[in-house]
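If you read the sequences in order, they're chains A and B.
Our numbering puts the first residue of the first sequence at 1, with every later residue one more than the last.
Our numbering puts the first residue of the second sequence at 1001, with every later residue one more than the last.
Hints in this document: simulated from the structure, not taken from any laboratory.
Do not rely on the hints blindly, as some may be mistaken.
Stated by the list, open to error - Think about it this way: if two alpha-carbon atoms lie no more than 25 angstroms apart in a straight line, the pair counts; the simulated DSS-like pairs of lysine-lysine are:
#1 Lys113/A <-> Lys38/A
#2 Lys115/A <-> Lys1278/B
#3 Lys1620/B <-> Lys1539/B
#4 Lys1619/B <-> Lys1673/B
#5 Lys1619/B <-> Lys1676/B
#6 Lys113/A <-> Lys1676/B
#7 Lys1672/B <-> Lys1620/B
#8 Lys1662/B <-> Lys112/A
#9 Lys1662/B <-> Lys1676/B
#10 Lys38/A <-> Lys1104/B
#11 Lys1231/B <-> Lys1539/B
#12 Lys1662/B <-> Lys38/A
#13 Lys1231/B <-> Lys113/A
#14 Lys1583/B <-> Lys1620/B
#15 Lys233/A <-> Lys300/A
#16 Lys1109/B <-> Lys38/A
#17 Lys115/A <-> Lys1172/B
#18 Lys190/A <-> Lys299/A
#19 Lys38/A <-> Lys1583/B
#20 Lys311/A <-> Lys190/A
#21 Lys1110/B <-> Lys112/A
#22 Lys1104/B <-> Lys1021/B
#23 Lys181/A <-> Lys21/A
#24 Lys1672/B <-> Lys1619/B
#25 Lys187/A <-> Lys38/A
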Amino acid sequence: MSTKSGAGAVFNRWLQKRIPKTESVELNQRSIFVFPTKAGFYAGVLLVVMLLTAINYQNSMVYMLVFLIAVMCVLTIHLSFYNLQGLTVTRLLVESAFAGDNLLVTFSLSSKKDKPYYGVWLSWPNESEVLANVLACEVTTVQLTLATQQRGTLIAPRVLIESVYPFGLIRVWSWLDLDVKGIVYPKSIKGEPIPASISEGGDGEVNMHAGSDLFNGLRNFNRGDSLKHVAWKQFARQGELLTKEFESPRTQSNVFSLEDYGHASIEAALSHLCFDVLNAEARGEFYALNLKGDCTEMKKGAEHLQMCLQKLALY
Amino acid sequence: MFGLFSKSKLESSLVPHRLMKLIVFAYIALLAPHFERIPLAAIIYIALIVSWRLLNIYINFPLPGVFAKVLLVVAMVSLLIVNFAVSLSVNSAVAFFAIVLGLKLLEIKKADALYPYIFLLMYLAATQFLFEQHLFVVLYQVFCIGALFYILLLMHSPNGVVASDGVFSIGKMLMVAAPFVVIIFLFFPRMAPLWSVPLDSGSARTGISDEMSPGDIANLAQSDERAFRVKFKGDTPPPRELYWKGLVLDIFDGQRWSSSENNFITKIGRVPDIRLQKDVSSLSYQVTIEATNQLWGFSLADPLPASNNIYVSTDGLVRFREMLLNTSVYQVDHAPLATSLGKSSLTYADQQRFLQIPRTNNARTKAWVGDQLNKLGSIEAVFASLLEKIATENYRYSLQPPRLGDNFVDEFLFDSKVGFCAHYASATAYIARLLGIPSRVVIGYQGGEYITQGDYVVVHQYDAHAWVEVWQHGKGWLRVDPTAYVSPDRIERGIREATREEGGFLADNIFSAARYNDFGFVRWARQRMDMANYYWQQKVVGYSGDNQSSLMMEWFNSNSIELMASLMAGCSLVVFLLLLLIKHRQWLLSFFHRSSYYETFCQLFAAAGFPRAPGEGPKKYAQRLRQSVPDAAPQIDFITNVFITQTFKASGDKSAPTNINKMIQVQLLQLKKKLK
């Protein structure tokens, strides 16, 4: 699909016209392709050899068997086609992912007519395939993963939906553009910020909080928690690793800015910022993101995190 | 890119045990009909392989490694060399194919190897038709093909979802396929064979052989296999006239009679394209003969070939041009002119041939002949006295005659006096030769079972018979059947009756239905089954290029390939449309459906707030409506009554007034007004 060659481009343009981009599509004769599988060609060879036997031995019953198997194969074309025809594929949820991780996309397959669809495989090119069986008048959801490489908006290639049901002799398939657009966050990599003195420094609000180390309570130790915050006394007493939580940011550098990593490339810097943001969120601290003047509020929580990550992804 | 082919999802996955089990059973089921063709050693070999695979399935016994595989292949090759090295035949080819398929069972690990294997199994199913094409054989193989498709279906079905449904859907598919198969079968142009193929099927068949020693034919009496069926164009002659000549035995060595006929059989050749002549006399008959793997055919006396696959030998016997591998059809006419031709004289070579006897042996017989000759004076009188001796002295016809020694004619004529037709024929021909009358033993079949419903005669193996032909100057070969003198029943009513007191008919064949012919139902069922098979063989199995072109000429007055192709396409289209209509009959019904007055009536009340409850009968509904809308009661009653009368009375009931439709419309109009 991603081929840039001439033939590929022509094919893609043709496909674009034939099966346009849409969030939900009902498969019909316009969008379904039909071709024999390798096994289907084996069947063809069998039929030819059998026909030759029938001719050379003038054997009526071998003729009959040839015709029977041939008709069964032709019926199979019809049945295979009907195993996709009328199936509605809808893109539901596109989750976000960090670069290098897999993007998770949920599709629904629904049978609107009173007929089941068996052995339907969905996949992206070069990705793992997922098998779905849709019972009559029911809806099945399918989750596909798509590998990501770089941050940004990922426009997924067309989804391949195929089936060789019932006999594996005929393959029916379609390439669907279900408008899958995912946001890929930068990969989170720990970086060494330039010391604060060199940087332009944060704003006053942060300074106001500086040093106000208010102990807020204990929570379970999470990986990535600083060892400095482990409540060692509790550990000695109860054998549980607990982390001390502080109400306010510990350091003044909780305003993460691109300039902190001025010495690194933009992509690396964004990755470091991503790490910082995640780290701050994990510690339960307030944090803000400053991307060349595009500054966020000082906040914490899932919503805030997502907003920050999105800013990083789309920068 | 475009993705014409996609990597099979099953390619790398292992075959699940449940599927492999089915494959093994399918192999066994397809192999079973070939058992008689496969040598015992090969069967043991296959049994070993199959049980190995089954052990693998059930207790995870490891499949053979490279070393074991090599051993198995070596074993198979030596097995084949020992058993089949000499003859290239259909039989050995099929046996080889079956064994290799068995060996392949141990090889299958990945699921994608199943596809070619299943198709090879389908081919194995087809190979059985090279040997047998009976109705039940065909049904069995079609069933097997369905089962193989079912295995393919299981391969692609989610676990358990399709298991029970699948059988049904395969059955449905076969049913939908059937009309198309019939159409293609009728109109697919039949070609002449493209190249020569191995013909000899190599397997032994029950039937007469080209040698006869006393007792041979008695063995055939144990077989209820069908030899051939005959349909006469005119009236069917009575059984006593039905002497089906097969072979002439002219060489006698004191024990056995054998034929000097050279039965050279080609191993490779073309399967004939059979054509039956159309302009034949009313004495002609069509014979549907079971495979014999021989060249000989059977006919009444004085045959004249009337189909292209046979000729008449110098001995006046029907012979096939190609070996008889399959059930086949030939047609014979009666040759009236032949009776006078070649009957006036016998060449010197032939005289020698038909007078040859071993020099010594049978002293008592020779003495008896000498005595009789002295006493009676003429050769003919002595020969007649022999037949009289057989008829009057206490000779007995028996299926279980005692064993006889070297001087078997002596022992038979003067000591045991018990024999089967072979004994009588042998002794008679021998004495005729002693007397100097050229004579020969003829073997073939005598009589047959007349199937009234089908107006044809079935000749079974147990009808096998031997008789004598003696040469009379000016008259030619005359038939003399000594068995008729000792046991007229054998000739008039068949071997069953002839051996009724003694028993022994089909004695070893306890399951033979023919043995229980006394029971009316058994006889009826047997004859019906035979008839179904007969028509199957005649009309379906025997449907060849010749039948096709004559059918085409008869129906359409042309037999061009274009016509057949368009017929095939046209008929298929019609069937396809019909199937489509059946599938969408709801839609079709709605298309032609006009809402009836009663529906209008119901709709009117529904609009007024009194819909008919689901399942509510018209009477109950009317009752409810009368209570709700009392002033519309007359209309409600009228329409309900008319509806009930029309629906539940016989359709032929014409008592309703002719203007009933108008009355209904009037009532409906009044109802509309009242409801407003």
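Structure-based check of each hint:
1. Lys113/A <-> Lys38/A: Violated, at roughly 30 angstroms.
2. Lys115/A <-> Lys1278/B: It is violated: about 55 angstroms lies between the C-alpha atoms, which goes past 25 angstroms.
3. Lys1620/B <-> Lys1539/B: 59 angstroms, violated
4. Lys1619/B <-> Lys1673/B: 23 angstroms, holds
5. Lys1619/B <-> Lys1676/B: Holds, at roughly 23 angstroms.
6. Lys113/A <-> Lys1676/B: With a Cα-Cα distance of about 41 angstroms, the restraint between Lys113/A and Lys1676/B is violated, given a limit of 25 angstroms.
7. Lys1672/B <-> Lys1620/B: 21 angstroms, holds
8. Lys1662/B <-> Lys112/A: 45 angstroms, violated
9. Lys1662/B <-> Lys1676/B: 22 angstroms, holds
10. Lys38/A <-> Lys1104/B: Status holds; Cα separation ~20 angstroms.
11. Lys1231/B <-> Lys1539/B: 13 angstroms, holds
12. Lys1662/B <-> Lys38/A: Violated. Lys1662/B to Lys38/A sits at ~68 angstroms, over the 25 angstroms cutoff.
13. Lys1231/B <-> Lys113/A: Not OK: Lys1231/B and Lys113/A at ~57 angstroms, beyond 25 angstroms, violated.
14. Lys1583/B <-> Lys1620/B: 35 angstroms, violated
15. Lys233/A <-> Lys300/A: 28 angstroms, violated
16. Lys1109/B <-> Lys38/A: 18 angstroms, holds
17. Lys115/A <-> Lys1172/B: 16 angstroms, holds
18. Lys190/A <-> Lys299/A: Satisfied, since the Cα-Cα distance of roughly 21 angstroms is no more than 25 angstroms.
19. Lys38/A <-> Lys1583/B: Cα-Cα ~31 angstroms, so violated.
20. Lys311/A <-> Lys190/A: 18 angstroms, holds
21. Lys1110/B <-> Lys112/A: With a Cα-Cα distance of about 36 angstroms, the restraint between Lys1110/B and Lys112/A is violated, given a limit of 25 angstroms.
22. Lys1104/B <-> Lys1021/B: Holds, at about 14 angstroms.
23. Lys181/A <-> Lys21/A: Distance ~12 angstroms between Lys181/A and Lys21/A Cα, so the pair holds.
24. Lys1672/B <-> Lys1619/B: 20 angstroms, holds
25. Lys187/A <-> Lys38/A: The hint is violated at about 42 angstroms.
In this structure, the hints that do not hold are numbers 1, 2, 3, 6, 8, 12, 13, 14, 15, 19, 21 and 25, in rising order.
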